[in-house]
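Undergrad: Each chain, letter by letter, is given below.
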Amino acid sequence: MSDPSDTRPRLRDSDLLRAFMDSTQAMVAFLVLTLLIIAVLLAPFIALTNPYDLATLDLLNSRIPPVWIDGGEWPYLLGTDSQGADMISLILYGMRTSLMVGVLAVMLSVTIGTILGLISGYFGGWAGTIIMRAADVQFTFPAIILALLIGGLAKGVLTPTAQAQFAIPMVVLALGISHWPHFARLVRGAVLVERNKDYVAAARLAGRGPFTIMRRHLLPNVVNPIAVLATLDIAFAVMGEATLSFLGFGLPPTEPSLGTLIRSGYNYLFSGEWWLVIFPALALMVLVVAVNLFGDWLRDALNPQLR
Amino acid sequence: MIALIAQRIAQAIVVLFVVSVLAFLLSTQIGDPVASILGLQATPEDRLELRAALGLDDPWPTRYLEFVTNVLRGELGVSYITQRPVSELIVERLPATFELAGVALLFSLGVGLPIGIYAAINRGRWSADAILSLSVIGVSVPTFVIAILLIFLFSVTLGWLPSFGRGQVVQVGWWTTGLLTPSGLKALIMPAAALAVSQVALVARLVRAEMIEVLRADYIRFARARGLKPRVIHLSLALRNTLIPVITVSGIQLGFLFAFAVVAEAVFQWPGIGLLFLQALGSTDVPIISAILLLTAAFFVAINTIVDLLYAVVDPRLRAGGLNGRPAGA
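Here the protein sequences come in this chain order: A and B. Per our numbering, the first sequence starts with residue 427, numbered consecutively. Per our numbering, the second sequence starts with residue 26, numbered consecutively.
A portion of the hints provided could be inaccurate.
Stretch by stretch, here's where chain A covers chain B in the computed footprint (C-beta under 8 Å, at least three residues) [as the list claims (entries may be wrong)]:
1. 136-146
2. 259-271
A few chain B positions that, by computed beta-carbon distances, are all more than 12 Å from chain A [unchecked claim]:
3. I27
4. F42
5. R88
6. I317
7. A323
These aren't lab readings, by the way, just hints derived from the structure by calculation. Heads up, the beta-carbon is just placed ideally off N, CA and C, and yes, glycines get one too.
Just chain A, with the same shape it has in the complex:
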């Protein structure tokens, strides 16, 4: 019986791990990601200032440039912002929000897309047609436009207090909804291939219901491509959050994310305080590049044809 909890350790102990050890790209990307995630999780303990707690900020320390520039001061390695918050601390907290939003958004897309893809692929019929037509309609729009539309309309409809309260769920929803068709198509395609195989027929003859077959038999066999797409999709979602927030349709300035940091820092670019925007932008780049490199490697490693 192909239970996911049986296959995973077997995978981990064999080809995947060997492929990982063979690839510098994968190891570097993984190392960077691990370091970033650890730093971000430890943010409350290692950050000099806490952007959520104004008492830790000192206006006397505002707008200090990075240490290697005249006027720079220890311990503010990358300088401080207009309220005296340490840039490194801001970036750590911001990345924490960005990553959280990104992961939640991908989880939403994966959940919607997998369920609809399984239904559409296994049952076909009118339900399958409607689902895939809906995906087609949504594919007509670039995901970023759709996310902007959802974020923008939510801002127009909600009251300011509700906006502040539901800022994170709204962004997760906007990004999650804008990407489900990718997963639905992927899962449907995989299910269409799997569903005619003998093991599915055997399960059906053994009297298993359609939902048990989907969950116990089909899902474990489509998990690899989903994992690859989900990894790469985190990069999309992190960039999406940053773009939405930068354009003013994502998180509010009170919720530091990489996008809101770049947005508020951008106002100071022309007055010479470039570190307020350049460092968060570089942090965003490093994060997304690492995720993409790891995702690319995972795609190649899990695809037996390329090995």
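Assemble chain B onto chain A, guided by the hints.
TA: Chain B only, in chain A's frame:
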């Protein structure tokens, strides 16, 4: 072939129908035209009268039909904020976005094609691998970050290029162009480059993958066996078959450039459709939002349909089984 055309057009109509229903719902459910026309001082009687006059009390299907007829006649409503016809605003802004997206497409093809060809021919060499890794960075940097970095370098630090606007534009008929003045060209460089970067990487990867595939084909091996020069094999024999998917993909890319122009236009305050869309979103100017929604859908549906049909024209294998023969998820 005729069956295929009919099928694609039917699909396009279904998509446009769904989007038009969404746009209709948007323009009726969000915002109140009566309040926006009469203002706050209006009496309830005035409101009821205007509601009747505007046909807001008619049944849904009637109102939807009216909405669609108006759209087909080019009447897209009046902007709540500027009180100007939406169609006028859009026509005014279209040239800016088309020039931006068009030039960005030229950038991305002009840079992406040679890189992809080089990476395919020299596969396995470190220089080709380095290019491939760099292309990951290209797709990993959001458009607005590239825009900011460009502004920081060329406007703030070096002072070479303007950081916002379209420069001086020239009127050619109803079309305004920035391509004919030095300041217009200068203003176009950075927005187009920012927009093109992620597409350069995509073009390069696509060309590389396609070309590697083509280079494995029998006719190339045969050409090698005949002793033809590598130059001829690569650039004349292999490239031709590589370009088929590239041409169709660049059609789709134009659509995406159009979409991501929103971001570039916001950073550079480029007076195009994208900026109009963002301003309308910011002030919940529903007539503009729903008009741009429809326009984008129509544009993308047209591009997708044309690309699919072109594919069938260029690659006869697709004609036999219809387009359902394509692998899922592609």
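Undergrad: Hints first: check each against the structure and report whether it holds.
TA: Verification of the supplied hints:
Check result for the segment 136-146 of chain B against chain A: violated, 0 residues qualifying (beta carbon to beta carbon below 8 Å, three or more required). A count of 0 residues in the segment 259-271 of chain B with a Cβ less than 8 Å from any Cβ of chain A is obtained; the coverage claim is therefore unmet, three being the minimum. At the 12 Å boundary, the C-beta of I27(B) stays outside the reach of chain A, the nearest C-beta of that chain being 22 Å off. Non-interface status of F42(B) relative to chain A is broken: a Cβ of that chain comes within 12 Å, the nearest being about 9 Å off.
Under the 12 Å C-beta cut-off, the non-interface status given to R88(B) relative to chain A holds; the minimum distance is some 20 Å. A beta-carbon of chain A comes within 12 Å of the beta-carbon of I317(B); the shortest separation is about 9 Å. For A323(B), the shortest C-beta to C-beta distance to chain A comes to about 9 Å, within the 12 Å cut-off, and the non-interface label is violated.
Of the numbered hints stated above, those contradicted by the structure are hints 1, 2, 4, 6 and 7, listed in ascending order.
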